[in-house]
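All chains, full assembly: derive it from the sequences and hints.
What follows is the residue order along each chain.
Protein chains: 2
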Amino acid sequence: MQPEAHRLDEATRLVPLGEGWHAGATHPAYANMAGPFGGVTAAALMNAVLVDPRRAADPIALTVNFCGPIADGEFEIETKLQRGGKTTQHWSMELKQKGMVCTTASAVCGARKPVWSHYPVSGPAAPPRDGLPEMTKTGRPEWTRRYSFRFAEGGLDDFPRSDGVVASARSLAYIQDLPARPLDFLSLAALSDAFFVRIMHARGTFQPMATVSLTTYFHVGADELAAIGAAPLLGEADAAIFHNGFADQNCALWTPDGRLVANGVQITWYKE
Amino acid sequence: MQPEAHRLDEATRLVPLGEGWHAGATHPAYANMAGPFGGVTAAALMNAVLVDPRRAADPIALTVNFCGPIADGEFEIETKLQRGGKTTQHWSMELKQKGMVCTTASAVCGARKPVWSHYPVSGPAAPPRDGLPEMTKTGRPEWTRRYSFRFAEGGLDDFPRSDGVVASARSLAYIQDLPARPLDFLSLAALSDAFFVRIMHARGTFQPMATVSLTTYFHVGADELAAIGAAPLLGEADAAIFHNGFADQNCALWTPDGRLVANGVQITWYKE
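Residue numbers (the numbering used here), protein chains in the order written: chain A, 2 to 273; chain B, 2 to 273.
Hints are computed from structural coordinates only; laboratory data are not their basis.
Just so you know, even glycine gets a beta-carbon here, dropped at the ideal spot from N, CA and C.
Among chain A residues calculated to face chain B with C-beta under 7 Å, some are: (1) A62; (2) Q83; (3) Y120; (4) F247; (5) I268.
Shown next, in the form of structure tokens:
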């Protein structure tokens, strides 16, 4: 019997149409309030590089610009290898629907070598995952059911609220694909956007808001990810400023034993 | 008498060749070890959007991918308005020399509105600028002479060193254009890359190293920048991981009275 594909693989599956040209489609399992969860769009764009036969190394960096809404249904991704050097390859990607650009992205692939390494920052202190409750998914968008969220700090159990209290923007949570899935660059690209927009935590209000641009750096090679397997990651997210309709956001994803696997930033928009 | 142009304006000056198409040139005043200082390249790419007559709002985000070396001399920048919505415009840029892509970039412009704002993070504590010594420029690349650096923490006076000591990757320094120049998005784009690559601080060794990709978020409007004027900024930079040839880096730029004007990340490459 064929093992059932994980829905993340279904949602990021690409059909080759030519060199640097793929077809894909949104997946109802990763639906957000309107259109797909941004993390799965980021993963699909990452996949266009991962499956490209010209790719020579693991991804190091991914930037995704959410230019406009993505309608449920088919899309195409155009991938351009902008430049390939001895150490790095630079890629640009465009996700289009009916010829209109919905998302642009860039990625860098880089050959890691066993040179001097240094890990000055320890992972955040957190209680064991087993003692933390699963976030309830009632009333939340479909994509949240594709993840286990166990918040140690800054959860969303009281969201939405209208008490006027401005809470901390920081969250600390164990996050894992549901069902569990061995970590790879697809899932890391999606996980880096699985933190909720910080205004939900700080202000607690339900209002128009969206990620505008997202940058993720990967700090592991494919071989190291394979060794980590399907472990839950400890994710930390915070924000420094909410100013006149735009807010920043940073995140970091750690293995439970304190190895940083990815970190990054995003800029988000909010309406009022 | 015509006032003399600031060298940052000279170095980022663009000559229109057509819609979304400009010519520029490297400037000896911003020369790095090989090719131009990356910050001035970022500023030139930002300028291609700033001078574009289609631009409808201030820049919010800038990502620059340093794909290959830039030779001293002329370059062209192609600018594509990927999508313009009610609130945001998305741009892609390519800097080419002799038809070859040297740098790619993306930018988001966004209309700020006087809505709910919140500033959860205070600027870092630092001693007054007046009591801090200027970094010496002897033996450093030409571009460093275009900036005042006054380090409160994590300076480079002992660089390079070969004592094997791994120091903190964190720096705290007042940075300002030299001569002083009213802040704008050009200078912020450059300043966000004016922090030295963190391996210089942590390891102290002089070795092949380069910024691979850089993302900066702007947290001020043009009107707010005009009010800040030519003030020195307090810059904070740090890194979380140096792993097998790639290291992350984050930075934040604050006004002396504690207002965050820009922050961002970069991923850097080092050889050994």
